[in-house]
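Student: If you read the protein sequences in the order shown, they are chains A and B. With the first sequence counted from 1, adding 70 to any position gets you my numbering. With the second sequence counted from 1, adding 70 to any position gets you my numbering.
It is possible that part of the hints are untrue.
As the list claims (entries may be wrong) - On the chain A side, residues computed to face chain B include the following (Cβ under 8 Å):
1. T86
2. Q90
3. D101
4. W103
5. L166
6. V195
Simulated from the structure, these hints should not be mistaken for lab results. For each residue, glycine too, the CB sits at the ideal point set by N, CA and C.
Number of protein chains: 2
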Amino acid sequence: MSFDIKPIGRVESELTDPAQAPMQGSEGAPDAWLIFEPAVLEGLDGLRPGAQVIVLTWLDRARRDVLRVHPRDDSANPMQGVFTTRSQDRPNPIGLHPVEILSIDGARVRVRSLEAVDGTPIVDVKPVLRA
Amino acid sequence: MSFDIKPIGRVESELTDPAQAPMQGSEGAPDAWLIFEPAVLEGLDGLRPGAQVIVLTWLDRARRDVLRVHPRDDSANPMQGVFTTRSQDRPNPIGLHPVEILSIDGARVRVRSLEAVDGTPIVDVKPVLRA
Numbered sequence: 071m072s073f074d075i076k077p078i079g080r081v082e083s084e085l086t087d088p089a090q091a092p093m094q095g096s097e098g099a100p101d102a103w104l105i106f107e108p109a110v111l112e113g114l115d116g117l118r119p120g121a122q123v124i125v126l127t128w129l130d131r132a133r134r135d136v137l138r139v140h141p142r143d144d145s146a147n148p149m150q151g152v153f154t155t156r157s158q159d160r161p162n163p164i165g166l167h168p169v170e171i172l173s174i175d176g177a178r179v180r181v182r183s184l185e186a187v188d189g190t191p192i193v194d195v196k197p198v199l200r201a
Numbered sequence: 071m072s073f074d075i076k077p078i079g080r081v082e083s084e085l086t087d088p089a090q091a092p093m094q095g096s097e098g099a100p101d102a103w104l105i106f107e108p109a110v111l112e113g114l115d116g117l118r119p120g121a122q123v124i125v126l127t128w129l130d131r132a133r134r135d136v137l138r139v140h141p142r143d144d145s146a147n148p149m150q151g152v153f154t155t156r157s158q159d160r161p162n163p164i165g166l167h168p169v170e171i172l173s174i175d176g177a178r179v180r181v182r183s184l185e186a187v188d189g190t191p192i193v194d195v196k197p198v199l200r201a
């Protein structure tokens, strides 16, 4: 059994080398653009600058056959199961990126501090829920 | 372009009727089991009771051709783009469920307050990051 996940857009970023990208947005990642497919634009209705959202990406450079890793790629950290880490290497390499919306220009949405590299496929956007 | 997402397990829950399921875990959802595939068990190494995690599911009953909805299925709420809501209906129906791990018994992991219905495919588990 498997399901077909279709990108709804892609990240446009000055980050092009995965080895140089921060591991989390809060670790010095640059602002970036989300470029959406024209077919899904209606799904952005109501999105506003200042909104806190979670961008979901498909980390297409990740290894999917890895189940244990050294957290933060540091061999000094004991190996752990990938489901206890945010490693991009995992069976279904979905990235979760909490970001703030800075501006919206049609299909181009500017966001703050995104660690995903240029070209990364976007698969969903959700609002952050307040408890 | 599309990607193939493979379930790593499924939800086992007393919730069987989607119409009766709470919309969010904090709205009275029952505790539930996550049943993992034997092939991915190594990925759970280091998971402990008390951990706060995000369970990612594939909401296989969702409609994927919907881009605007009445939030919370309430027609009194004006239509909004799905990417500004947590509607399950969206192009890639990935559910995000923040839960606490209650206990672990091999491939069976008990979690608190999960609103996903019985049989929902699980696609990933990630730790909640503290800022």
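Student: With reference to the structure, classify each hint as holding or not holding.
Tutor: Hints and how they fare:
This hint is violated: T86 of chain A has a C-beta 19 Å from the nearest C-beta of chain B, more than the 8 Å allowed. A least Cβ separation of about 21 Å between Q90 of chain A and chain B goes past the 8 Å threshold, and the interface hint is therefore violated. Interface hint at D101 of chain A: violated, since its Cβ lies 18 Å from the closest Cβ of chain B, which is beyond the 8 Å cut-off. Of the supplied interface hints, the one on W103 of chain A is violated, with its beta-carbon coming no nearer than about 16 Å to a beta-carbon of chain B, more than 8 Å.
A distance limit of 8 Å between C-beta atoms decides the matter here; for L166 of chain A the minimum to chain B is near 7 Å, and the interface restraint holds. Hint on V195 of chain A holds. Least Cβ distance to chain B is approximately 4 Å, under the 8 Å limit.
Going through the hint list in order, the structure does not satisfy hints 1, 2, 3 and 4.
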